[in-house]
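Let the sequences and hints guide you as you build the complete structure.
Below, each chain spelled out in residue letters.
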Amino acid sequence: MDRVYEILRESYGENAKFREGQKEAIEAVVNGKRTLVVQKTGWGKSLVYFLSAKLLKEKERDGITLIISPLLALMNNQIDSAKKLGINVKTINSDNKDEWDNIISDICDNNTVDALIISPERLANADFVKDCLDKIKNRVNLFVVDEAHCISDWGHDFRPDYRRIVKILQLLPGNVPVLATTATANDRVVNDIVAQLGENLVISRGELIRESLAIQVIKLQKKEDRLAWLAENIEKMPGSGVVYCLTKADCDLVTDWLNENNIKSEKYYADISKEYKAIILDKFQKNEIKVLVATVAFGMGYDKPDIGFVIHFQRPANIVSYYQQIGRAGRGIELAYAILLCGEEDEHINQYFINSAFPTEKDMNIVVDFITDNPGKSISEIKGALNIRANRVEKTLKYLTVGDDIYTEYVNRKKGYYKSAKKWEPDLERSEGITAIRHKEMQDMDEFTKQKGCYMKYIAEKLDDVNAKVCGKCSNCRGLLFDETVGAETVQRAQQFIKSKFGVIEPRKQFPDKTKIESEFQFKGGIVLSNYADAGYGMAVQKGKYLDGYFSDELVDASVKILSEFIKNNNIEWITPVTSKRHPQLVPDFAKRLADRLGIGYFEGIKKFNAEEQKKFENSKGQYQNANDSFEIIQVKKENILLVDDMVDSRWTFTVCAMKMREMGSGDIYPFALANTAGRGDN
Amino acid sequence: MIYSDSAMAAILLCTNLGIEGEYKPLTLKEWNGLGKTVNDMGYKIADLLKSEFTKKLPISEKQKEQIKLLTGRGFSIALKLQELENKGIYIVTQFDSDYPKYLKRKLREKMPPVLFYAGDITLAGKIGIAIVGSRDVDDAGMLFAKDLAKKATKEKLIIYSGGAKGVDSISEKAAIDGGGYVVSFIGDSLSKKIRNKDVIQNILNKRILLFSDVNPDTGFSVGRAMNRNKFIYAAAHGAFVVSSDFGKGGTWTGAVENINNSWTNLFVWSGCVKKGNKELISKGAIPYVISEQTILDTINLSLQKDIEAYRQIDMFTTGKDEIKENIKEDNIIDLYDVVKESLVQSIVGEMDANDIAQKCNIQKGQMNIWLKRLVAEGKIKRNKQMYSLPS
Chain G
1 MDRVYEILRE SYGENAKFRE GQKEAIEAVV NGKRTLVVQK TGWGKSLVYF LSAKLLKEKE
61 RDGITLIISP LLALMNNQID SAKKLGINVK TINSDNKDEW DNIISDICDN NTVDALIISP
121 ERLANADFVK DCLDKIKNRV NLFVVDEAHC ISDWGHDFRP DYRRIVKILQ LLPGNVPVLA
181 TTATANDRVV NDIVAQLGEN LVISRGELIR ESLAIQVIKL QKKEDRLAWL AENIEKMPGS
241 GVVYCLTKAD CDLVTDWLNE NNIKSEKYYA DISKEYKAII LDKFQKNEIK VLVATVAFGM
301 GYDKPDIGFV IHFQRPANIV SYYQQIGRAG RGIELAYAIL LCGEEDEHIN QYFINSAFPT
361 EKDMNIVVDF ITDNPGKSIS EIKGALNIRA NRVEKTLKYL TVGDDIYTEY VNRKKGYYKS
421 AKKWEPDLER SEGITAIRHK EMQDMDEFTK QKGCYMKYIA EKLDDVNAKV CGKCSNCRGL
481 LFDETVGAET VQRAQQFIKS KFGVIEPRKQ FPDKTKIESE FQFKGGIVLS NYADAGYGMA
541 VQKGKYLDGY FSDELVDASV KILSEFIKNN NIEWITPVTS KRHPQLVPDF AKRLADRLGI
601 GYFEGIKKFN AEEQKKFENS KGQYQNANDS FEIIQVKKEN ILLVDDMVDS RWTFTVCAMK
661 MREMGSGDIY PFALANTAGR GDN
Chain L
1 MIYSDSAMAA ILLCTNLGIE GEYKPLTLKE WNGLGKTVND MGYKIADLLK SEFTKKLPIS
61 EKQKEQIKLL TGRGFSIALK LQELENKGIY IVTQFDSDYP KYLKRKLREK MPPVLFYAGD
121 ITLAGKIGIA IVGSRDVDDA GMLFAKDLAK KATKEKLIIY SGGAKGVDSI SEKAAIDGGG
181 YVVSFIGDSL SKKIRNKDVI QNILNKRILL FSDVNPDTGF SVGRAMNRNK FIYAAAHGAF
241 VVSSDFGKGG TWTGAVENIN NSWTNLFVWS GCVKKGNKEL ISKGAIPYVI SEQTILDTIN
301 LSLQKDIEAY RQIDMFTTGK DEIKENIKED NIIDLYDVVK ESLVQSIVGE MDANDIAQKC
361 NIQKGQMNIW LKRLVAEGKI KRNKQMYSLP S
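Just so you know, the sequences run in chain order G and L.
Per UniProt numbering, the very first residue in the first sequence carries number 1; after that it's consecutive.
Per UniProt numbering, the very first residue in the second sequence carries number 1; after that it's consecutive.
Heads up, none of these hints are tricks.
Reference listing, derived: stretches of chain L covered by chain G, where coverage requires no fewer than 3 residues with Cβ under 8 Å from a Cβ of chain G:
#1 44-51
#2 77-89
#3 193-202
Hints were generated in silico from the structure; no laboratory data involved.
No residue lacks a Cβ here, since even glycine has one placed at the ideal position from N, Cα and C.
Spelled out as structure tokens, the structure:
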């Protein structure tokens with residue numbers, strides 16, 4: 001094994017030394033043992049797999065190490081660090097399709113690649129496996145699973161794609177070496193990984209305490225209080241840092257608020273385009289922004305040594321995520337802050353995530369029955385045939401596919417779903433078991449926020465770190481790091497700010513069957529005042545609809561404020577309400593008051609004669625059909641019209657009404673709704 | 001599904017999963033030869049997975065290279081197995097306790113080391129009959145096949161079949177419609193077959209078990225279809241030929257092969273005028289027409305003969321370690337083996353099942369099953385409802 005020192009010194013100089021456990025782990029892997037490395041981030045797990053890859057390559061020229069790692073940011077980061085070791089690492093992912101052929105040829109023909117990194121999603125993608133992995137699969141002589149806590153059901157981070165990895169690990173013959181690495185695994189997760197990888201697993205486990213981190217927990221119930229706290233305190237923090245939010249909507253809000261307060265911020269979540277993400281990360285890396293406001297989509301493995309603070313705008317779901325997220329700060333600096341703000345909505349949002357983690361039994365039964373009776377249907381045919389929200393159909397299909405209950409296959413070039421030969425039984429025990437664990441984890445997190453003792457010690461104990469000890473840095477050890485109160489004036493500004501946020505309603509451009517809606521029959525871009533059930537006006541809308549049967553003057557005021565400019569700019573001369581059978585007066589009454597205040601005409605042009613509620617229909621086809629059957633236009637105006645409803649979700653009601661009104665010769669239709677109820681709450 | 005090391009060795013060495021023409025899996029002969037070599041040296045098949053192990057073997061360099069390539073594609077196999085499991089297709093190898101025991105006992109060195117399957121594997125351990133015949137069967141033949149399958153089903157016998165058109169599909173359908181069960185060794189692509197709505201429905205209802213001895217993506221070929229005949233015969237306790245051509249065709253070849261190897265007693269429908277049927281009878285097959293006699297009674301004659309085969313030592317089980325490993329894999333304990341001597345001793349003079357059950361303090365239903373086995377093994381004899389020791 002002297003070669004291992006040689007390589008290390010060639011790259012890091014004569015005095016380079018291994019960290020405790022690194023060399024042992026490499027030796028185990030190279031000798032064909034299955035190995036699990038549990039070490040905190042920054043310990044150098046990638047050195048273990050890169051050096052192992054290199055040594056194995058020297059032993060077996062045709063071989064290649066395959067690394068499964070969940071994050072692209074990580075990949076590029078790591079590929080650079082591998083270069084230092086003289087190791088040629090490539091990645092194949094959805095962003096570099098045009099390079100795939102070259103990379104594969106480098107692997108197969110030129111034999112110049114030591115290791116290949118791919119994401120779990122890729123590995124789970126049947127097309128990718130066929131087109132790409134099939135060509136190199138016979139060469140894989142080391143299989144590395146990064147973030148291996150995800151392969152455990154008990155891991156905090158359930159990901160369907162990792163279930164496929166579990167299957168592959170189970171099916172991997174004993175002669176293929178496996179290296180699993182993670183920064184966070186308690187005993188239960190370690191035991192679970194042992195169960196997957198076999199009893200003979202070599203385990204390397206180190207201490208998890210991060211000495212540079214100073215933790216403080218601050219309880220501020222209201223969102224506006226927490227916004228105010230951010231505005232008053234962030235500039236006191238060293239360098240640049242991250243603010244974690246639970247939802248995309250909150251990321252938007254916090255980013256805009258910080259920028260309004262002249263704190264340079266950018267947001268980062270799943271919906272942001274790849275190109276823009278790269279730009280943001282680059283800015284962040286160079287400390288050109290103060291704050292990166294992110295959901296959990298930002299994270300795992302991202303390596304920036306001088307992150308000065310991590311602030312949680314809401315409480316994360318569990319200790320492990322929390323530990324991982326704060327662990328991004330203070331890697332290469334003496335002191336960094338981890339501030340946890342907790343508020344009134346934390347519990348609600350976390351509950352929502354837990355409860356929507358699995359598809360419902362009902363959805364699964366419907367999908368399985370449909371596929372069994374109709375083998376070979378495409379995903380869009382399935383979506384069209386079932387009265388289930390499209391994103392839920394997708395989720396259910398994915399869950400059933402990784403569970404081997406259904407599968408896809410190309411037959412005559414059509415990709416269709418088929419029922420597998422495995423008997424379908426919803427694995428409720430499993431999903432209920434996991435859900436129960438999630439609730440327990442939430443309780444632990446709650447307990448954490450109530451700690452009187454050292455925060456870091458509590459975390460380390462929850463992670464079964466035998467070296468858990470008092471940190472001497474957190475607010476419980478040392479006294480308050482930051483003020484826990486906020487100025488009334490800042491809070492008021494924050495309140496105003498929340499209320500000034502409203503959303504845009506984009507016109508639908510296609511029918512459910514994908515044929516085009518001619519632009520002259522589409523509505524024009526409209527406005528929605530709030531997010532349903534959100535702080536700000538969302539709550540007032542809810543209360544108005546279900547408690548009072550009357551939308552308050554506060555809502556009229558707020559609407560007038562955002563509409564007065566809007567109607568002027570778009571020459572809107574009329575208001576007409578969408579009527580409802582269940583609440584016949586609610587919207588017309590509100591619209592009438594709105595028209596008075598805006599000083600434009602009011603008329604009732606739409607009649608609803610079908611009693612089906614739109615919200616009973618879950619997918620486009622059903623929603624369109626129902627809307628189309630439900631509304632009759634009794635009167636139109638040739639001038640431009642503001643079409644008012646209380647809630648907007650699928651936009652089919654607006655789409656159908658606008659289309660019918662336009663057909664009868666009305667002016668342009670601009671929709672306005674009080675609250676948006678569409679797709680809340682994921683990352 | 002978790003495969004043992006020896007099962008994995010069989011999968012790596014004997015299937016073409018994940019291979020695209022660069023090299024070939026071992027032939028059955030090569031596999032048996034290798035198994036013998038490994039055993040004779042005191043090693044186990046699972047050792048083939050150890051790196052450098054092949055170096056120790058007295059085999060050609062070419063074969064060493066082939067084994068190295070085959071066993072070196074572990075990741076590839078894992079992907080492929082995962083893809084198959086996604087479809088509900090699993091593998092059973094000769095080292096697994098689920099492996100169809102009659103195939104193992106009767107075919108021995110001719111048994112397929114690896115079988116792909118979809119459906120309830122426990123069906124393969126059940127007693128049943130084979131119904132075979134040509135694809136282009138006439139109406140009378142169809143009716144006979146149907147009636148025979150129905151009759152067998154009523155007697156709770158499995159139908160072993162080949163999943164082809166004609167006699168195969170008629171008898172399979174009759175059995176399933178009658179509430180019975182089918183084990184089918186198919187001659188075309190298993191992956192393709194399970195995409196069919198009715199097939200998958202029957203599998204999910206546990207009515208049918210499909211076996212393929214080759215990669216599930218491999219389609220029909222004459223050679224493959226011929227090769228699988230032996231599985232159908234060997235799995236069955238009695239095979240019934242509905243109609244056969246003479247001197248040609250799969251039915252004839254399979255039936256003659258069975259006569260030559262004595263896998264199971266061969267019955268030939270004497271109501272069929274085809275020359276093949278007559279010739280098979282003249283070769284020693286038993287003429288058969290459906291009558292009052294139960295099929296169980298008809299085939300029972302042949303059961304005795306199988307016993308010798310049951311006792312044959314299975315392959316690859318000479319080494320000490322291998323025996324230990326087998327115990328671990330064969331985790332099904334047959335209680336019968338534990339109690340049978342006591343049962344025999346409990347019988348004094350002539351007793352009926354009720355008496356014996358009471359004497360041994362167990363349920364009569366279970367006692368009936370064991371008594372039947374004791375009779376089949378010749379340990380006791382039965383006269384109407386009464387059991388006694390053989391004189």
